[in-house]
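2 protein chains.
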Amino acid sequence: MIIDIHGHYTTAPKALETWRNRQVAAIGSPSEQPKVAELNISDDELRESIEQNQLRLMRERGLDLTIFSPRASFMAHHVGDFAVSSTWAAVCNALCHRVHQLFPDHFVPAAMLPQSPGVDIATCIPELVRCVEEYGSVAINLNPDPSGGHWTSPPLSDRYWYPIYEKMVEYDIPAMIHVSTSCNACFHTTGAHYLNADTTAFMQCLTSDLFRAFPTLRFVIPHGGGAVPYHWGRFRGLAQELKKPLLKDHLLNNVFFDTCVYHQPGIDLLTGVIPVDNILFASEMIGAVRGIDPETGHHYDDTKRYIDASSLDAGARHKIYEGNARRVYPRLDAQLKAKGL
Amino acid sequence: MIIDIHGHYTTAPKALETWRNRQVAAIGSPSEQPKVAELNISDDELRESIEQNQLRLMRERGLDLTIFSPRASFMAHHVGDFAVSSTWAAVCNALCHRVHQLFPDHFVPAAMLPQSPGVDIATCIPELVRCVEEYGSVAINLNPDPSGGHWTSPPLSDRYWYPIYEKMVEYDIPAMIHVSTSCNACFHTTGAHYLNADTTAFMQCLTSDLFRAFPTLRFVIPHGGGAVPYHWGRFRGLAQELKKPLLKDHLLNNVFFDTCVYHQPGIDLLTGVIPVDNILFASEMIGAVRGIDPETGHHYDDTKRYIDASSLDAGARHKIYEGNARRVYPRLDAQLKAKGL
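Heads up: the protein sequence lines correspond to chains D and P, in order.
Quick note: the first sequence uses the numbering used here, first residue 55, plus one each step.
Quick note: the second sequence uses the numbering used here, first residue 55, plus one each step.
Incorrect hints may appear among the rest.
The list cannot tell twin chains apart, which means a pair is met if one copy fits it or any two copies do.
[As the list claims (entries may be wrong)] Below, simulated DMTMM-like cross-link-like pairs (lysine to aspartate or glutamate); rule was C-alpha separation at most 20 Å, straight line: (1) 298 x 263; (2) 89 x 174; (3) 297 x 347; (4) 302 x 98; (5) 298 x 362; (6) 298 x 347; (7) 298 x 376; (8) 298 x 226; (9) 297 x 159.
If you're looking for bench data, these hints aren't it; they were derived computationally from the structure.
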């Protein structure tokens, strides 16, 4: 089985964006806020948006199942207050849940949280609980910078985040550390902010002893870990300067990287440098880079081709495609086992 | 000849830091500001600080010449106002000039600018002029985020920066795009902020048409280009989405990467992905990562070993070690030629 652990609902019917635009336009005017019930998207519309996009490409590429969460760039936790984020997260998670119900063999949800800058992270727990218990979510996306490129929240090692970690540990679910759109003109969202956040989050883990406090906490760093594997020697050396244990002991029981790296040399570096047990297959499809690479004639984000063309043996490939995902996402494993898979 | 284009004076005598601490302590009390003349460092002290550190390692590693600028993390452009930055830049540049005079065959200066957040960049021109005309500086370090991790300046493509670009073009000098210390708790200085800035700067160039406005402007992106070469497919794909030309035409006449990547797989990726004409040898020694890699028994930052162990042919290696530096830093080339080199 091939599991893509990083897919977002980037192709939701237009009505979702229209509803969101109304919600944002009404910020500051509670009476004008659109009602959740005013968002009408039929099952057929959902089916079409998936079948013609993600599912079509999954079938073409031979992917079986995607861990599917709301569109990352649309989370926009910096917009409005907690009430705005809360309603928006509920709407987005409900849609991913419906996609899961329509395509139970192909999409398993991960939850977006109703984060809001400066607001107690514990306020996100009810939505997390709903997603895990009612929707079958197997993971969350955790935004280390809900300000959208101003980085006003404390580092991930700070006690600010502990309430959500306690709930993650209780449910045994991992978090993908994933920022949203940048509202800082310095940072292009998918070309800078996403990759920077990946590197930043990893370094926040490296400089701290977070995983001593939470030995079973698990973070997935997306986009191939940002700059981390390319600079693995730098990070090993920095850990040494900081008198931390070797990275394999300090971080690699808890930190995992996905394979959203859109060319062969990048995947070869990732799989050559990072232990195979810490690499999870993903493509973030349909996402930031939708085109066809003129150098290969294939989609940039068809990351399965790079894994297949790498020098990994069958055992390593199985771990990356399936085994590691079942280990890092035990609730996914349980769902699959319940189906006899 | 082997030219290291990225060295900072990280080993300056303690008196420099003491003077700086006095300067910072007196911010807001102009009458208590230490005088520049109160900083007394003898030639012998300078000699010792270099001979026992950078020059010793250069000799051990077989490096001939370093382009040498003030300590990047100490620039701290966010501290104080323009007057503070101006005096501090003048002090630091004067020291690098003295190192150049003491070791003219081994150190050639690059200038730190007296940037200050929100202040017109044209205020940096007098120091730039002094450095180029009096000190023989062959480049500048340009800080894209003088706020120190809050990213409050406009992107490098903004007209805000044009006055400095015009002067760079006039003098035909490149800028290394290099941030300073992070005062944002989210960003570890050398493990996150530096690499993020590299990626951010590259993406600012990619999304803009800066090099159409300044066809001869040249940027060196340090630390192996941050996350860029590892994600070269992503950046090619993003350029395509944005209807920009191929990166080789859009950016690679103007953007260059150094080799401050501290392990063999990273250097192999860099040299495999980026055209050899765009790679400049550097180690940023003595810098963030000073230890010995237990996996190799050699210093992490002994980047010459990685270049030597790569599959590059002699012609490519010559470009990386010397040829490209002479082309990207024409004032260095002129100085070398004047010596018959």
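Outcome of the hint check:
1. 298 x 263: The answer is within: 9 Å in one copy meets 20 Å, while 43 Å across copies does not.
2. 89 x 174: neither (25 Å within a copy, 48 Å between copies)
3. 297 x 347: between (43 Å within a copy, 14 Å between copies)
4. 302 x 98: neither (47 Å within a copy, 44 Å between copies)
5. 298 x 362: Neither, since 35 Å and 30 Å both go past 20 Å.
6. 298 x 347: Result: close only across copies, 14 Å inter versus 41 Å intra.
7. 298 x 376: Classified as neither; 31 Å inside a copy, 37 Å across copies.
8. 298 x 226: Classified as neither: same-chain Cα gap 26 Å, cross-chain 44 Å, threshold 20 Å.
9. 297 x 159: Intra 46 Å, inter 37 Å, cutoff 20 Å: neither.
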